[in-house]
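In case you want the letters, here they are:
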Amino acid sequence: MMSSTNNIGLEEILSSLNQLFEGVSTEKVDPRQYKIITPPEKTIPVLEFLKEKGYSHLSILTCIDWIAEKKFELVYILFNWGTGVTFVVSTYVNRDNPIFYTVKHIWPTAEYYERDVHEFFGVKFEGNENCEKPLILELWNDLPPLRKDFDPLEYSKKHYPDREYQKDAIHEARIIRGDVRGEIDG
Amino acid sequence: MPEKSLFAPLIAWKNLFEKPVTIRVPNEKREASPRYRGFHVNDWNKCIGCGTCAKICPTDAIEMVEVPDMKQDYGMKPQRPVIDYGRCSFCAMCVDICTTGSLNMTREYIFVSPNPEDFRFAPTEKGFLKKEPSQIKLGWVRDENSDLLDLDRVWPEVLPAQERVTSFVEFVKAYSKEQAVAEAARCVECGICTDRCPQHMRIPEYIKAIWRDDLKDALKWLLKGLESENYLGANPLSSVCGRVCTHRCEEVCAISHRGEPIAIRWLKRYIVDSIPVEKWYETVVFERVPKGKKVAIVGSGPAGLSAAYFLATLGYEVDIYESLNRPGGVMRYGIPRYRLPDEALDRDIAFIESLGVRIYTGITVGKDIPFQKLREAYDAIFLSTGLVLGRSTKIPGSDHPDVVQALPLLREIRDFLRGDGPEPKIAKRVVVIGGGNVAMDIARSLARLQKMKYGEVNVTVTCLERTFDEMPADKEEIEEAMEEGVKIYPGWGPKEVIFYPDRDSIKGLKCVKCKEVFDENGRFNPKFDESEFCFYDGDMIVEAIGQAPDYSCLPEEWRSKLQFVGNRILTNNLRQTQIPWLFAGGDIVNGPDIIHGIADGYWAARGIDEYLRGTERP
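Protein chains in written order, with this note's numbering: chain F, 1 to 186; chain D, 1 to 618.
Since the hints were made in silico from the structure, they are not lab data.
In this text the structure is predicted, and so the values were computed from the model without any measurement.
Each residue gets a CB set at the ideal place from its N, CA and C atoms; glycine is no exception.
Where hints are given, some of them may not hold.
[Unchecked claim] The calculated label-pair distances, taken between Cβ atoms and stated as ranges, are:
#1 D:Ala350 with F:Val180: 54 to 62 Å
#2 D:Leu226 with F:Phe150: 28 to 36 Å
#3 F:Asp162 with D:Asp143: 29 to 37 Å
When you get a sec, could you build the whole thing from the sequences and use the hints?
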């Protein structure tokens with residue numbers, strides 16, 4: 001599938017990544033997927049570099065909450081339509097005051113990914129003026145819901161008070177099963 | 001673009017005769033995808049009411065509601081989930097964690113009603129739309145990737161059979177902290193185990209404490225149970241039960257329906273083994289108000305020690321009288337050391353003694369001290385003398401000195417191993433008669449002694465029960481015995497002891513085929529086929545066919561006032577006999593194991609407390 005020139009190209013990219021960007025680590029996940037961990041100040045230069053080398057498609061920007069380490073991991077997945085190879089570029093930002101920089105000047109579609117990450121994790125992207133505009137959730141007024149410390153049960157109880165039901169559901173179920181005789185509504 | 005307009009009407013004309021792409025709701029129903037998370041179905045016969053679905057629900061949509069008149073069995077709670085579809089987010093976590101697999105989701109998703117009451121629903125086999133189960137297409141069902149339960153037990157290190165049979169070293173090693181925490185993490189805290197345990201130990205509570213790595217709290221749950229409810233669920237013999245309990249709790253564990261039950265027994269052992277006994281006293285503090293009354297306990301087995309412990313915590317002065325030289329009864333003299341080392345039992349007893357309980361060993365009530373003396377010196381007496389007399393098959397030849405009974409032999413072996421007595425006679429070939437745990441204990445002990453003395457094992461076990469399943473011994477005991485080289489032949493009844501024609505030594509045991517052990521009324525009434533027989537070689541025969549109580553400590557004057565069921569004493573719930581100041585428990589009342597004895601001790605202590613608070617001594 002992959003031509004030998006592409007392989008050489010890949011090796012060149014990996015070695016220049018290490019040479020050009022200090023503190024960047026690369027790891028082969030499988031022959032078509034490489035993980036690159038970057039220090040925050042090197043992330044955007046690395047993304048620009050990779051885009052130039054043919055990794056032009058930003059498949060997604062997403063986030064992982066490493067609550068014990070007090071970090072958010074921002075994950076940029078870049079795809080090369082020519083070779084079918086994927087680069088997973090990661091960086092870590094502080095969980096307490098999570099701010100990073102926008103990449104919408106590189107990929108205009110990033111505007112929406114950044115809004116999504118902001119809405120669900122609370123990471124702000126400087127330079128994206130629409131970053132804090134609601135995207136999916138309506139009138140959200142709680143912790144960003146994909147943070148590990150968000151408690152869905154507590155949220156549910158707080159926002160949706162229990163209804164006092166009159167119906168004896170177990171009795172109805174026993175009628176449905178034929179355990180007892182009786183009439184049911186509906 | 002004039003060319004295009006030429007074709008447009010044609011497409012319109014064509015579509016006029018095509019089927020519409022829209023769906024004609026409600027006349028037409030569209031089926032959801034195969035993994036659709038629609039309305040639930042719950043198989044009530046499979047569901048055990050454990051409530052794990054309700055616990056995991058992130059929107060609090062599931063409530064466990066009691067089902068009236070539901071048959072109450074061990075291993076299940078008479079409650080079933082009721083779902084509020086006004087809250088349910090259809091996330092399917094309830095399905096993915098369901099311990100039995102009774103709860104699933106269907107592809108049904110359309111339901112309209114103006115009445116909010118209709119959205120509260122207890123799913124049954126017939127689903128939300130009340131269809132026959134065969135008409136319902138399942139949607140989301142759990143698969144191995146979505147399963148939220150950890151089904152595989154963390155196994156402690158166990159010595160291989162070849163190694164363990166060469167000594168009496170305890171062959172199951174203790175959990176490491178990592179192992180214990182990982183095993184504790186598997187528990188879903190349903191508490192079905194607590195219902196099953198005769199002593200109702202607070203199992204989910206102490207397992208959760210292990211998971212939090214708060215061993216002091218875990219120890220409190222073991223030794224104090226529910227403090228606010230008179231220490232219900234406490235177990236003063238946790239070091240013992242952490243090793244040799246019959247662990248009925250594990251048989252009903254919710255996880256056991258699809259996987260291996262939580263290793264409750266080994267987790268208990270981990271707690272007590274991890275905290276030195278000197279520290280127990282500062283971890284578990286009892287505020288005892290002296291009651292100024294004295295209780296005598298006859299027999300220092302599980303029931304006696306348990307009663308002593310709970311009476312001491314209530315502020316009573318307790319003296320235990322034990323006829324043998326060391327306290328512990330069956331735990332000291334019955335259960336072999338490879339399962340229960342002395343040190344474990346000593347720890348539990350040391351803690352009980354630290355509460356002020358005095359144990360007088362080597363004193364036989366009725367011989368060294370008259371029962372009447374106890375009656376005069378104490379305000380109440382608890383009788384827990386156990387089953388100490390062996391039973392004989394009484395077959396021809398069984399009166400020979402090389403036909404021995406298991407209990408005295410086990411006692412001799414344990415005394416020999418701890419340096420208290422001479423080496424018992426170890427025959428090169430032994431036949432054991434019996435299919436219970438005592439038979440396994442003696443067979444495995446003799447196998448070890450043979451291996452140590454002669455280098456090879458030659459023990460044959462034979463019993464009436466026709467299959468391994470029918471044998472009363474624990475399955476793991478049978479398996480481990482066979483791994484150690486013991487041969488077990490179920491389904492044979494002993495007929496007669498065969499001797500060498502020329503000398504007074506045993507050649508072996510003749511058996512006949514056992515057709516049936518119990519009659520149609522469930523009574524022990526074995527039937528044999530005399531035409532089918534076999535012969536097992538042995539120089540020595542050990543009878544392990546049950547034990548009987550010895551009431552010789554009780555004077556006839558009192559014995560005649562008691563009521564018996566078979567050879568067991570009848571008591572009320574608080575283990576009180578027909579004589580108000582006389583309480584009884586353990587194997588002479590209930591049996592059959594240590595944890596039942598501990599429960600007897602607990603209830604007797606409460607009974608004695610009630611009795612002594614209610615009556616002033618005349």
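Okay, the hints, checked on the actual structure:
no.	hint	in the structure
1	D:Ala350 with F:Val180: 54 to 62 Å	holds (56 Å)
2	D:Leu226 with F:Phe150: 28 to 36 Å	holds (34 Å)
3	F:Asp162 with D:Asp143: 29 to 37 Å	holds (33 Å)
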